[in-house]
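K.L.:
Okay, here's what each chain looks like letter by letter:
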Amino acid sequence: MPEAMDASPGAAAGGLAGRLWRGLRLPLGDPLAVFGLMIYVLFILTAVFADQLATHDPTEILYTPDYDLAADRRPGEDGYILGTTSLGRDIWSQLVYGSRSALLIGLTAAVMVALIGTLVGLVAGYFGGWVDAVLMRLADIAFGIPFLPFVIVLSAFLEPSIWNVVLAMALVLWRDTGRVIRSQVLSLRTRAYVEAARVCGSSDLKIVFRHIAPNILPLSFLYGSIAIGWAILTEASISFLGFGDPDTISWGTMLQDAYASQALSTRAFHWFVPPGLCIILVVVAGFLVSRGYEEILFPKLKE
Amino acid sequence: MSGPRAGVPLIEAEDVAMHFRVGSALSALVGGRPALVRAVDGVSLTLMRGESVGLLGESGCGKTTMGRLLLRLLRPSAGRIRFDGEDIAALSGAGLRRFRARAQMIFQNPFEALNPRFTIAAALAEPLENAGIPRAEWAGRIERAMELVRLPDPGQFLARRPHQLSGGQLQRVVMARALLLDPDFVVADEPVSMLDVSVRAGVLNVFREVRARLGLTAIYISHDLALVRYVCERTVVMYLGRVVEDGPTEAMIEDPLHPYTRALVAAVPTPDPDQSHAPLPIGRGAPDARNPPSGCRFRDRCPLAHDRCAAEAPRPTRIGARTVYCHLHG
Chain A
3 MPEAMDASPG
13 AAAGGLAGRL
23 WRGLRLPLGD
33 PLAVFGLMIY
43 VLFILTAVFA
53 DQLATHDPTE
63 ILYTPDYDLA
73 ADRRPGEDGY
83 ILGTTSLGRD
93 IWSQLVYGSR
103 SALLIGLTAA
113 VMVALIGTLV
123 GLVAGYFGGW
133 VDAVLMRLAD
143 IAFGIPFLPF
153 VIVLSAFLEP
163 SIWNVVLAMA
173 LVLWRDTGRV
183 IRSQVLSLRT
193 RAYVEAARVC
203 GSSDLKIVFR
213 HIAPNILPLS
223 FLYGSIAIGW
233 AILTEASISF
243 LGFGDPDTIS
253 WGTMLQDAYA
263 SQALSTRAFH
273 WFVPPGLCII
283 LVVVAGFLVS
293 RGYEEILFPK
303 LKE
Chain B
822 MSGPRAGVPL
832 IEAEDVAMHF
842 RVGSALSALV
852 GGRPALVRAV
862 DGVSLTLMRG
872 ESVGLLGESG
882 CGKTTMGRLL
892 LRLLRPSAGR
902 IRFDGEDIAA
912 LSGAGLRRFR
922 ARAQMIFQNP
932 FEALNPRFTI
942 AAALAEPLEN
952 AGIPRAEWAG
962 RIERAMELVR
972 LPDPGQFLAR
982 RPHQLSGGQL
992 QRVVMARALL
1002 LDPDFVVADE
1012 PVSMLDVSVR
1022 AGVLNVFREV
1032 RARLGLTAIY
1042 ISHDLALVRY
1052 VCERTVVMYL
1062 GRVVEDGPTE
1072 AMIEDPLHPY
1082 TRALVAAVPT
1092 PDPDQSHAPL
1102 PIGRGAPDAR
1112 NPPSGCRFRD
1122 RCPLAHDRCA
1132 AEAPRPTRIG
1142 ARTVYCHLHG
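In the order they appear, the protein sequences are chains A and B. Residue 197 in this note's numbering is what sits at position 195 of the first sequence, and the numbering runs on without skipping anything. Residue 1022 in this note's numbering is what sits at position 201 of the second sequence, and the numbering runs on without skipping anything.
One thing to keep in mind: the hints can contain errors.
Calculated lysine to aspartate or glutamate pairs in the EDC-like style (CA-CA distance at most 20 Å, straight line) [to be verified]: (1) A:K208 x B:E933; (2) A:K208 x A:E197; (3) A:K208 x B:E950.
Just so you know, these hints were derived from the structure itself, not from any lab. Quantities reported herein were computed from a predicted structural model and do not represent experimental measurements.
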């Protein structure tokens, strides 16, 4: 009895750190989620050790020993792992450094979107009334903003930077997360155990964070992982349209570069397939991981 | 029960009403008057300390709403509820926390009354934590409560989660949770209706036993007269948001005064072929709480209704220990 007592109420009362740790419990039971995690780990390692992995400076224009431009090399040719671009830049090194900006944008945008959306959804759904009305009208306004043009306008007003995408997502994309989580909270707050918590004296704050929030966490993760994909895709679109930061190498700028150099017509698949593949992998990994979280947080799904 | 303070009212509800607005604000704007559901419409109820009262009625009669009002899970649209002399609507902060520790609920569906993500130990720790009970006392209190509800060997349940327990076990845990803080008042909302018939008796017996042992003041909400008879000395019959009859359970079953009570009593199947009450045919029309009939709420289903029933609402009439709201007795 004493051990059982210590373990669980302790965790329940263990404060924010304990709850966060439980929230971050990695979904190692589901093979697909493990696959997703492995992709994340791979990209995170790549981003961290980019300096070691890259063979060249990604923006450096490379020359042969005879001072010819080392452009349009095929993979493996002259020791360039993935060949070079039409301007003589090393594609492999660009791909490696691209993972840095992708993860930076993706993760910060995901955190912003999931955090803002979750808080808005929780507050609106639980407290209802005028708070709900105000927040949902704000969401309506956000829904009325066309996202890509908004990012473009924002980029035009601000310095070109990858952070524009993060800012735009934080300003606009919380709307989906907020709406969905609000509707979930509306149904959760009528659950008998929420009422039971109130009867036994739990405050609103405690009910929201202990009884309701953990149940919508998989939704937050889901929308967070969608946001990772969206952020990377949006950054790619913005770069592709030429509004990106020309000094930052990202998979989007690589695609834009390849497109502008008509890589498709020269059949330079080694140039645009790898960044495209990387984008797809990271986005898919997000979904796989959130699926795994869902099974952890709703143990009944499994049994 | 005959404690030292028996005969002192613990709960006094005066003319309590709970009206719910249905439909959105927009439809109310377009349609003019918003539709009101009068779930509870002028109920007065006094519970003496240690008394156990059955709240009886069909679905939609407002019995569950009344239970939730008494626990301040809802705030009444009108009327006043006093708990131990204090108006519960005025409670806040520490006063409300004290009230929460003293008034508890046993839920209808034990499968939903416990957070599926919490272990039983965590679920039981929550009220203790809220009430500020020192952590050192938790284990002892939990053990005592588990003993009260006859959950043998509580250690084996504590680390489990609700979906790993049976319905009967869960309902005992729910009861234990309600009893942890030594409450004075418990509302049991059809606590066995979601349970398998085979375990109902066990849970009911535990409820009866615990109530008697702790001298709890209890409200037992049910639509089943036989269950109420088993656990409550006094019964309050509700119909469409109002009380129709209130009095000692046995006397009520022997000689129901209100036509609706008669119908309820007659509807209980008995093994006796020569049952004493002829069944009373009442209309089957489901009552609509949005448009209740004028005068007596029951008149459109009542075979004995006369002109006066439509004209005025019956006033309470005391007959012995009982109170009945019917013009036949007025």
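K.L.:
Can the restraint linking A:K208 and A:E197 be considered satisfied, given a maximum Cα separation of 20 Å?
P.N.:
Judged against 20 Å, a Cα distance of about 12 Å means the pair holds.
K.L.:
Hey, A:K208 versus B:E933, does the alpha-carbon distance stay inside 20 Å?
P.N.:
holds (19 Å)
K.L.:
When you check the alpha-carbon spacing of A:K208 and B:E950, does it fall within 20 Å?
P.N.:
Within the cut-off at roughly 11 Å; holds.
The structure agrees with every numbered hint stated previously.
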